Amino acid sequence: MNLEKLQRELITTARAIPPNEQVPYAFEKRIMARLTPPQMSDVWALWGRWLWRAVAPCMSVMVVLGIWTFVAMQPEPESQNLELAIENTLLASNDIAGE
Amino acid sequence: MEPSDTELIAAVRKGDVAQFEPLIARYQPRIFATARRYARREDEVQDIVQEVFIKAFQKLDSFRAEAPFEHWLMRMTVRTCYDFLRSHQRNRETMLTDLSDPEVDWLERFAAGPEDNSRNTDAARALVERVMAQLSPEARLVITLLEIEDRSVKEIAQLTGWSVPLVKVRAFRARAQMRKILETLTREKYL
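Going down the list, the protein sequences come from chains U and G. Here the first sequence stands for residues 7 to 105, numbered as in the working numbering. Here the second sequence stands for residues 8 to 198, numbered as in the working numbering.
If you're looking for bench data, these hints aren't it; they were derived computationally from the structure. Do not rely on the hints blindly, as some may be mistaken.
[Claimed, not checked] Capping the alpha-carbon separation at 30 Å, the derived lysine-lysine pairs in DSS-like fashion look like this:
1. U/Lys35 with G/Lys21
2. U/Lys35 with G/Lys161
3. U/Lys35 with G/Lys62
Please read all numbers here as calculations on a predicted model, not as lab measurements.
This is chain U alone, in the form it adopts within the complex:
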């Protein structure tokens, strides 16, 4: 049997029989009953959501700034060369008088 001819014959048959376009009664109503309306975007809810998302980064920045401020406020460590420091302090008055 010529299979190619058989294949063509079957395809021709399939083409000649268009599929049925019949629709069950009230089918569109059935679909409509299953549709949920699209959610309208609530601007304030969106704003609130974004505020909550911003909490973590803001807290991080706050902590970093707090640590930096704390570190910056620490007094400078005492000079190892105490002698030199005392001498400079005592002679500072002479410098001022000389001026």
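Using the hints provided, position chain G relative to the given structure of chain U.
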């Protein structure tokens, strides 16, 4: 005057869901016809059509109006039918002994005289459905779109989302697969 697709879609996007019903009514015959090429049982056909329209409603915001709404809907239909075929793959082996008497008779008459047009068309239709049911989902989709619906390769690529070379490769394999099925069917008897 009936509202256009664009007007109805705009109304649905603004929240008037009821305006989707005329769109369903307008296109459901075509969607049903397409679904009936891929599913035999009427409950399966209705499931496919329902899924198409629900998806269309949910994704309406993604419709860009670069092409007609019908094209967009058909693309969704073809892909839904393909998903259906993939999820309903069954053991496709059918021996010639499973064929009905009218189908066997049709094959024998064809073997005796291919040019004879007096053969039973119902038997031919049943034979086509039997052969198509045995194809893989990709093969069945391509054969249906390319050979039966006579669409171009480019159209099929747009409908399925496949590349043009992939459509061509699948078409070649689909035809070979169909020939193999016919060979298996006819091998049982000397025809």
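Status of the hints after comparison with the structure:
A threshold of 30 Å between alpha carbons decides the hint, and for U/Lys35 with G/Lys21 the separation of about 21 Å falls inside it, so the pair holds. For the hint linking U/Lys35 to G/Lys161, the alpha-carbon distance of about 35 Å lies beyond 30 Å, and the restraint is violated. Annotation: proposed proximity of U/Lys35 to G/Lys62 holds, straight-line Cα distance about 16 Å (limit 30 Å).
Going down the numbered hints, you'll see the structure goes against just number 2.
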